[in-house]
Amino acid sequence: MTEEIIIAGFGGQGVLSMGKILAYSAIMQNQEVSWFPSYGPEMRGGTANVTVILSDERISSPILHFYDTAILLNQQSLDKFENSVKQGGVLLFDSNGLTRHPERKDIRIYRVDAADASAKMESAKVGNMIVLGGFLKIKPIVKLENVYKGLEKSIPKRYGHLLELNKKAIAVGQEIVEKVRG
Amino acid sequence: MKELKLMKGNEAAAEGAIRAGADGYFGYPITPQSEVMEYLMAEQPEKRTGMVVLQAESELAAINMVYGAASTGKKAMTSSSSPGISLMQEGISYLAGAELPCLILNVVRGGPGLGTIQPSQADYFQSTKGGGHGDYRLIVLAPSSVQEMFDFAFLGFDLAFKYRNPVLMLSDGLIGQMMEKVELREQLPRTTYFDRSWTLTGKPDGQERNIVTSLDLDASRQEVHNQHLQEKYRKCQANEVRYELLNTEDAEYLFVAYGSSARICQKAIQLGREEGIKIGLLRPITLWPYPAKPLAELAPGMKGILSVEQSAGQMVEDVRLSVGCGVHIEHFGRMGGMIPTPEEVLENLKKLLITK
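Chains as they are written, first to last, in the working numbering: chain F, 1261 to 1442; chain D, 2 to 357.
It cannot be assumed that every hint is accurate.
[Unchecked claim] Restricting the straight-line Cα-Cα distance to at most 25 Å, the calculated cross-link-like pairs of lysine to aspartate or glutamate (DMTMM-like) are:
#, chain 1, residue 1, chain 2, residue 2
1, D, K233, D, E100
2, D, K3, F, D1316
3, F, K1340, D, E344
4, D, K6, F, D1316
5, D, K182, D, E4
6, F, K1346, D, E348
7, F, K1346, D, E275
8, F, K1413, D, E4
9, D, K279, F, E1317
10, F, K1403, D, E4
[Stated by the list, open to error] Facing chain F, from chain D, some residues (calculated, C-beta under 8 Å):
#, residue
11, L7
12, P33
13, M179
14, E181
15, K182
16, R264
17, K268
18, Q271
19, I340
20, T342
21, P343
[Claimed, not checked] Distance ranges between label pairs, derived from CB positions:
#, chain 1, residue 1, chain 2, residue 2, range
22, F, G1306, D, P30, 18 to 26 Å
23, F, E1412, D, Q231, 54 to 62 Å
24, D, P30, F, L1425, 28 to 36 Å
25, F, K1346, D, V213, 52 to 60 Å
Derived by calculation from the structure, the hints in this document are not laboratory data. Quick caveat, the model's predicted, so the values are computed rather than measured. Backbone N, C-alpha and C fix where the C-beta goes; we use that ideal spot for every residue, glycine too.
All chains should be modelled from the sequences, with the hints used to inform the complete structure.
Set out below in C-alpha cells:
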C-alpha cells in the first residue's frame, strides 16, 4: 500500500502538523513515511502545503506531481491542486471562504466544514484534527489508536489537557464529512 | 529493540553528530539548515555527552572555531547553507592545508548570491572542485535520505580522522527539511583523539612541539607538503568511492543523480518502466572521490545517460569525464530553488535521449 497525499491551506491552519500526526501514526504501524513541507515565505502567513507519503515499501520521490488524496483548505490551494488529483483519487475540501467549489467529474469529492465546526467547539485550533477525522473516515489508512499515539507524541506535555479535545475533534470530523460526488 | 524516530534531515544530522561522539559544534543560523543548531541547543548535548554547542558571531568565526578545536584532536563540526559556506571557504582551505579533520554540512539553497531558500544542488563545483584556493580536495558525501543525514555524521567523522582531512556533507533544502523515519544508533563514547604526533594537546617531554599551520614560506618544502596531500588524495580515490545502483541489470537508459535528485529519479524509473522504458540509476554517494570507474563500466551498455541535478549542469561534467565519447550523455535540471517532478524528469529523458 502506498498513499500519496497533499495537504494545503493557509499558514496557521495546522496543515503541517496534520501531516506530521499522520506521519507519526504511520510509523506506529511500522510503515515508511516522508513529510516534505513548503518552507518558504509561505509559512509566514500565506499558503502552506505539505506532501505526505505513507507506504509499506521504501519511498522514492518525496516530491510528486499527482496525488491519491488532496486535502485543500482554501481557494488558492483548491485552484492550484485540484488538477493534481489522480483519476479516481480523493479531494477533500473545507467550503469555508470558497468562491468556487471543486468541479472535476473523474475524482471522488468530499466536504468537511471544519472551520465552522471548530468555531462551534470554541477552539479554532482543532480545525485540522476535524479535517483529519474526516479524511480517515474516507480512507482509514491508519488506525485511530495509532493517531492517538501520534497526537501524544506531538502535543507537548504542558498541553496534555488538549489531547482529549483533539480526540473529540477527530470524532466530529468523522461525523460531519459528507460525500459531494463520485 | 530498534530506536526509531520521525525526524527532519537537519535534526538527524545534529543527533548523528551527538551520537558519533562529536566534541563541538560551531555555527551560525541560515535557512534551510537552522534546525541543526536549534536541535542541538534544545537537546543540550553538554548534559548528555559533554559536547559543546556554540552560536558563533559569523560563519567566519564558526569555521575558525572548528579549526581551533580540530587542532587539538577534537571532533568538530559546523553547518551552514550556500552563502554561509561561501563565507567559510578561506577557513576550509586552511583546514585542508593544515590537514585537520572536521565535518562540514552544507544544506544547499538556490544561488548565486543570496539566491532563494528553496532546495538546490548548484554547489557541486564549489564542493568537489575546490571552493577555496590551492590544490586541495574535500571528501564529499551526498545523503539522499534522512537516515543518511544521521549515518553520514558517523561516516564523515571516521573518514575525516582516517585521512586527516575535512569532510563535507553535501545535502540540500529538500533532504534537510523533509521528515522521515530514522533508525538511531547507540551513542559512541566521546573520546578525544590523542595522536600526539600532530595534535596540540600539550608538549610531551622529549618530543618536539607540534605546529599546526598551513603556512610554509619555503617553496620547496611547500611542494613536498603538496605532494604528500596529493598522495593522500590518491589513497582516498582508491579506497573510498561509494555509490548505489538501482535497476541497472536490464537497463537501457541510465540516470546519474545524487541526493534529492536521486530520490526523484527513483520514482521516474518506476513511471518509465510502467511504459516499458528500462531505466536504471547510478547514485554517487561520494561526490569526491567520484565513482568514475563503475560509471565507465556501466556506460557502454546504455543507449543514453541523463545526469539529473538541480543545477545548470555541474556533475554532468564528471559524468562526461568518466564515460568519455561514444555514449549519448545529456543533462536535465531545474535551477534557483525549483524542484523537478518525477514526471518532468521522465519526459525530459524521452525528449533528450529517445526522440531527440
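Each hint, compared with the structure:
1. Distance check on the hinted pair: K233 of chain D and E100 of chain D sit about 10 Å apart at the alpha-carbon level, within 25 Å; holds.
2. About 18 Å separates the Cα atoms of K3 of chain D and D1316 of chain F, which keeps this hinted pair within 25 Å; it holds.
3. Using a Cα cut-off of 25 Å, the hinted pair K1340 of chain F and E344 of chain D holds, with the two alpha carbons roughly 17 Å apart.
4. Proposed proximity of K6 of chain D and D1316 of chain F is supported: the alpha carbons are some 17 Å apart, at most 25 Å.
5. With a CA separation close to 10 Å, the supplied pair K182 of chain D and E4 of chain D stays within the 25 Å bound.
6. Annotation: proposed proximity of K1346 of chain F to E348 of chain D holds, straight-line Cα distance about 18 Å (limit 25 Å).
7. Under the criterion of a C-alpha separation no larger than 25 Å, the hint pairing K1346 of chain F with E275 of chain D is consistent with the structure, at around 16 Å.
8. Annotation: proposed proximity of K1413 of chain F to E4 of chain D holds, straight-line Cα distance about 15 Å (limit 25 Å).
9. Annotation: proposed proximity of K279 of chain D to E1317 of chain F holds, straight-line Cα distance about 21 Å (limit 25 Å).
10. Distance check on the hinted pair: K1403 of chain F and E4 of chain D sit about 22 Å apart at the alpha-carbon level, within 25 Å; holds.
11. Given hint, L7 of chain D at the interface with chain F, holds; its Cβ is 6 Å from that chain's nearest Cβ, closer than 8 Å.
12. With its C-beta approaching chain F no nearer than about 6 Å, P33 of chain D sits inside the 8 Å limit, and its interface hint holds.
13. With its C-beta approaching chain F no nearer than about 5 Å, M179 of chain D sits inside the 8 Å limit, and its interface hint holds.
14. Given hint, E181 of chain D at the interface with chain F, holds; its Cβ is 5 Å from that chain's nearest Cβ, closer than 8 Å.
15. The closest approach between the C-beta of K182 of chain D and any C-beta of chain F is roughly 5 Å, which is under the 8 Å cut-off, so the hint is satisfied.
16. The criterion of a C-beta within 8 Å of any C-beta in chain F is met by R264 of chain D, whose closest approach is roughly 5 Å, and the hint holds.
17. For K268 of chain D, the interface hint holds, since its Cβ comes within 8 Å of a Cβ in chain F; the closest pair sits about 4 Å apart.
18. The restraint placing Q271 of chain D at the interface with chain F holds, with a minimum CB-CB distance near 7 Å, inside the 8 Å limit.
19. Taking 8 Å as the C-beta contact cut-off toward chain F, the hint placing I340 of chain D at the interface holds, the least distance being around 5 Å.
20. With a cut of 8 Å, the hint placing T342 of chain D at the interface with chain F holds, because the nearest CB-to-CB distance is about 4 Å.
21. For P343 of chain D, the shortest C-beta to C-beta distance to chain F is roughly 5 Å, which falls under 8 Å, so the interface hint holds.
22. Against the hinted window of 18 to 26 Å, the Cβ-Cβ separation of G1306 of chain F and P30 of chain D comes to about 22 Å, which satisfies the hint.
23. In this structure the supplied range 54 to 62 Å holds for E1412 of chain F paired with Q231 of chain D, their Cβ-Cβ distance being about 56 Å.
24. Between P30 of chain D and L1425 of chain F the beta carbon distance is about 34 Å. The supplied range of 28 to 36 Å therefore holds.
25. Checked against the given bound of 52 to 60 Å, the beta carbons of K1346 of chain F and V213 of chain D, roughly 59 Å apart, stay inside it.
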